[in-house]
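Q: Take the given structure of chain A and dock chain B to it, following the hints.
Going down the list, the protein sequences come from chains A and B.
If you want my numbering, it's the 1-based position in the first sequence plus 82.
If you want my numbering, it's the 1-based position in the second sequence plus 1.
FYI, nobody ran anything at the bench for these hints, they're computed from the structure.
Be aware that a few hints might be false.
To be verified - Within a straight-line C-alpha distance of at most 25 Å, the following computed PhoX-like cross-link-like pairs (lysine-lysine) qualify:
hint	chain 1	residue 1	chain 2	residue 2
1	A	K431	A	K116
2	A	K184	A	K220
3	A	K184	B	K272
4	B	K272	A	K219
5	A	K116	B	K166
6	A	K184	A	K216
7	B	K166	B	K272
8	B	K272	A	K220
9	A	K431	A	K367
10	A	K184	A	K224
11	B	K81	B	K319
12	A	K219	A	K184
13	A	K105	A	K116
14	B	K272	A	K224
15	B	K81	B	K97
16	B	K307	B	K319
17	A	K216	B	K272
18	A	K220	A	K240
As the list claims (entries may be wrong) - Here chain B is said to cover these stretches of chain A; the calculated rule only asks that three of the stretch's residues, wherever they fall, bring their Cβ under 8 Å from a Cβ of chain B:
hint	region
19	176-182
20	192-199
Stated by the list, open to error - Looking from chain B toward chain A, a few residues come up when the C-beta cut is under 10 Å (computed):
hint	residue
21	F255
22	R260
23	R276
24	A277
25	R353
Ideal Cβ positions, reconstructed from N, Cα and C, are used throughout, including at glycine.
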Amino acid sequence: MNNVISPRRDPTARPFLELRDLKIHFPTDDGLVKSVDGLSFSLERGKTLGIVGESGSGKSVSSLGILGIYHRRNANVSGEIWLDGQELVGASPETVRGLRGKRMAMIFQDPLSAMHPYYTIGDQIIEAYRVHHKVSKKVARKHAIDLLARVGIPQPDKRVDDYPHQFSGGMRQRAMIAMALSCDPELLIADEPTTALDVTVQAQILDLMRDLQQEFNSALIIITHDLGVTAELADDVLVMYGGKCIEYGAATEIFDNPEHPYTWGLLGSMPRLDQPVTERLLPIKGTPPSLINVPSGCSFHPRCAFDGRTGGASDTLVPELELTGTSGHRVRCHMPAHVRQQIWHNEIKPTLEGTGGHSVASMSELPSASDEQSEEVA
Amino acid sequence: MAGPAGLVCPAGPAAQAEIVVTFFIRRTIGAALMLLVVSIATFLIFFGLPRLAGATPETFAARYLGRTADEHTQQLFAEKLGFYDPLWQQYWNWIKAIFVGTDYDYGTGIEHCAAPCFGYSFRTNHAVWDDLLDRLPVTVSLTLGASILWLVTGVAVGVLSALRKGSFFDRAAMTGALAGVSLPPYFTGLMFLYFFSYQFDLTAPGGTYVDFSDSPGEWAYSLILPWITLAMLNAAAYARFTRAGMLDTMGEDFIRTARAKGLHERVVVTKHGLRAALTPIITIFGLDVGLLLGGAILTESTFGLKGLGYLAIDAINKQDFPQIMGVTMFAAFFVVVANLIVDMLYAVVDPRVRLS
Numbered sequence: 083m084n085n086v087i088s089p090r091r092d093p094t095a096r097p098f099l100e101l102r103d104l105k106i107h108f109p110t111d112d113g114l115v116k117s118v119d120g121l122s123f124s125l126e127r128g129k130t131l132g133i134v135g136e137s138g139s140g141k142s143v144s145s146l147g148i149l150g151i152y153h154r155r156n157a158n159v160s161g162e163i164w165l166d167g168q169e170l171v172g173a174s175p176e177t178v179r180g181l182r183g184k185r186m187a188m189i190f191q192d193p194l195s196a197m198h199p200y201y202t203i204g205d206q207i208i209e210a211y212r213v214h215h216k217v218s219k220k221v222a223r224k225h226a227i228d229l230l231a232r233v234g235i236p237q238p239d240k241r242v243d244d245y246p247h248q249f250s251g252g253m254r255q256r257a258m259i260a261m262a263l264s265c266d267p268e269l270l271i272a273d274e275p276t277t278a279l280d281v282t283v284q285a286q287i288l289d290l291m292r293d294l295q296q297e298f299n300s301a302l303i304i305i306t307h308d309l310g311v312t313a314e315l316a317d318d319v320l321v322m323y324g325g326k327c328i329e330y331g332a333a334t335e336i337f338d339n340p341e342h343p344y345t346w347g348l349l350g351s352m353p354r355l356d357q358p359v360t361e362r363l364l365p366i367k368g369t370p371p372s373l374i375n376v377p378s379g380c381s382f383h384p385r386c387a388f389d390g391r392t393g394g395a396s397d398t399l400v401p402e403l404e405l406t407g408t409s410g411h412r413v414r415c416h417m418p419a420h421v422r423q424q425i426w427h428n429e430i431k432p433t434l435e436g437t438g439g440h441s442v443a444s445m446s447e448l449p450s451a452s453d454e455q456s457e458e459v460a
Numbered sequence: 002m003a004g005p006a007g008l009v010c011p012a013g014p015a016a017q018a019e020i021v022v023t024f025f026i027r028r029t030i031g032a033a034l035m036l037l038v039v040s041i042a043t044f045l046i047f048f049g050l051p052r053l054a055g056a057t058p059e060t061f062a063a064r065y066l067g068r069t070a071d072e073h074t075q076q077l078f079a080e081k082l083g084f085y086d087p088l089w090q091q092y093w094n095w096i097k098a099i100f101v102g103t104d105y106d107y108g109t110g111i112e113h114c115a116a117p118c119f120g121y122s123f124r125t126n127h128a129v130w131d132d133l134l135d136r137l138p139v140t141v142s143l144t145l146g147a148s149i150l151w152l153v154t155g156v157a158v159g160v161l162s163a164l165r166k167g168s169f170f171d172r173a174a175m176t177g178a179l180a181g182v183s184l185p186p187y188f189t190g191l192m193f194l195y196f197f198s199y200q201f202d203l204t205a206p207g208g209t210y211v212d213f214s215d216s217p218g219e220w221a222y223s224l225i226l227p228w229i230t231l232a233m234l235n236a237a238a239y240a241r242f243t244r245a246g247m248l249d250t251m252g253e254d255f256i257r258t259a260r261a262k263g264l265h266e267r268v269v270v271t272k273h274g275l276r277a278a279l280t281p282i283i284t285i286f287g288l289d290v291g292l293l294l295g296g297a298i299l300t301e302s303t304f305g306l307k308g309l310g311y312l313a314i315d316a317i318n319k320q321d322f323p324q325i326m327g328v329t330m331f332a333a334f335f336v337v338v339a340n341l342i343v344d345m346l347y348a349v350v351d352p353r354v355r356l357s
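Excised from the complex, chain A in its bound form:
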């Protein structure tokens, strides 16, 4: 199941969530900011999509765009967003508001700043529930306590009256999740849900999200720059760079046979516990592009180590997101597929899996590499 990318699975059935060529541009005094520039993907209920990329790659803006949280005056939004057969870009703001929080909900990165400091946790959950359900405060409060218990908050009947600052970071994120789940959303978007948390708490939150997703059978989008989180949870992975999708495929495929130099860079930037500390990470050189001044041609070319192998196309032509292989894996790169695969297998993979067998990728059940070709990774 995992090796089939959802959009092409069954041409007759509509996927639960589908984005078609979504563009979110912001005209500013300095120029047009193309935060999201032609994003397409689809997602079924019960499945998880990981959207990966550096800061400023357009991950968060796309998710807020799905929820319809943008200024109609400031943002130019085009393309289509289909949620269970309903188109959202052209829908009235009031329609989208009615869906927001109810059928699609969001979990934010920093739960301290994302919760209102003046209202109790309970009040904030109750508010989220009552805006979509005509129930009494008492019923809603009962619901809030149940939710807090469900996300693992001890003594929920007491903690429901606490303020966000009285919770620890992990507890706050649990409360945030409880709030997002208050209306049983079918689509849940988590924007860097574990970034602000202790490492020990991160694992608990990820476990919780996985459990809840199974229980509610919701579609889950995890936005992160942490490939480890993606490997833990995602069925599909979408890599974004400069507002565009540059690689999209099943998680196993992306971790097993990544074909875009940027994805290789991301994998190389992961610290690994299983290697001697003397070994250096392989960071991607340079910085993410400014979304006002996106480099011509392939927006990654100034940072790409394989820039020279495209025959000069990289700085003039924008590469298409093209299918590679048979499993729905798509890559936006000028290099021919066989060249990319060759580079991955001969140059990149041995370096990444240098000394140890276990990389992050191994979490997604990758076959671990042999321990031999180690030593001289500088």
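A: Showing chain B alone in chain A's frame:
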């Protein structure tokens, strides 16, 4: 769960209540101490500093007697009024008089000055306290009306400006606010009087004041121009302040969360945005009201309203020390009490304050 106010709040309403009470008591003691410091400073300015400048007990007594009194009378009065006592003793007598009253022996008989006794005016021989009470209703009426006016208009304009940032309304409002802040009340006040009162005869002329208990309608009629004049000054400042606060708050993460819940935009703006943006405004508002209760000197003078500010200016011009000290303490009292109320309101509004 007993315990002093700590950073981590033990759950439970009883403990919460205890923390709140501790907080209030602490702040009240702080306010009392502040008043003590102000009283010492005021006393030293009027009775300590002149000594450094060479004033003798006789010169102090002479203030009460006028220039014609001979040296013997001055000494006699300096003795009777306690100017030969050490400074701390004089301070103590002054404070004591405020709390329990005192007796003045003028030689012709003993006159009792009941608490709170701030002494008698040099010029009119009125008890200072009676003068203060007499003037208070004017100042309170002026401050109350004006403060409500500027709070409502200032915050409303500020919120609308913030929500329509960069629009024509925003620019016009902010330009107007700049003008409002820049124009002094004696200019706007006189303009208003000239047009609305003398040209069009719509409002009361300057110098009129009708007590609320006599006729609420006339009261408002006589105060409408002073209210608008005083309110304009502050409304402008509050509009700019609210606008900045709202712009800040509406960019907060919790506003994004409120939108993500699917709340109506109206609820997002008021319940989530304005609520947070209002907190600092409450602080300034309390302080401004406290300050004005001590006398809105410019506005009162412009409109000839005989309030505390008018009294203060009058006392200063005539060097009426007991009156100046009385007004000073009175004004300080209002500022300190306003501060105290603001502190407590803050704790009610912002739950994070209670715990630290």
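Q: Holds or violated: the hint that A277 (chain B) contacts chain A, with Cβ atoms closer than 10 Å.
A: 6 Å, holds
Q: Is K272 (chain B) within 25 Å of K220 (chain A), Cα to Cα?
A: Status holds; Cα separation ~20 Å.
Q: For the pair we were handed, K184 (chain A) and K216 (chain A), check the Cα-Cα distance against 25 Å.
A: The hint holds at about 13 Å.
Q: Does R260 (chain B) pass the interface hint, meaning its C-beta sits closer than 10 Å to a C-beta of chain A?
A: This interface hint holds because 5 Å falls under the 10 Å limit.
Q: Quickly compare the C-alpha distance for K220 (chain A) and K240 (chain A) to 25 Å and report which way the hint goes.
A: Holds: K220 (chain A) and K240 (chain A) sit about 15 Å apart, inside 25 Å.
Q: R353 (chain B) was flagged as interface toward chain A. Is the shortest Cβ-Cβ separation under 10 Å?
A: Nearest chain A Cβ about 5 Å off; hint holds.
Q: Taken at face value, is the distance from the CA of K166 (chain B) to the CA of K116 (chain A) at most 25 Å?
A: This hinted pair holds, its Cα atoms lying about 23 Å apart.
Q: What's the verdict on K184 (chain A) and K272 (chain B), does the C-alpha distance respect the 25 Å limit or exceed it?
A: Holds, at roughly 20 Å.
Q: Assess, step by step, whether the Cα of K431 (chain A) is no farther than 25 Å from the Cα of K116 (chain A), and give holds or violated.
A: 33 Å, violated
Q: Are K184 (chain A) and K224 (chain A) close enough, with their CA atoms no more than 25 Å apart?
A: Holds, at about 18 Å.
Q: Is the straight-line distance between the alpha-carbon of K166 (chain B) and that of K272 (chain B) 25 Å or less?
A: 20 Å, holds
Q: Against chain A, run the beta carbon of R276 (chain B) and see if the smallest gap drops under 10 Å.
A: 6 Å, holds
Going through the hint list in order, the structure does not satisfy hint 1, though it satisfies all others.
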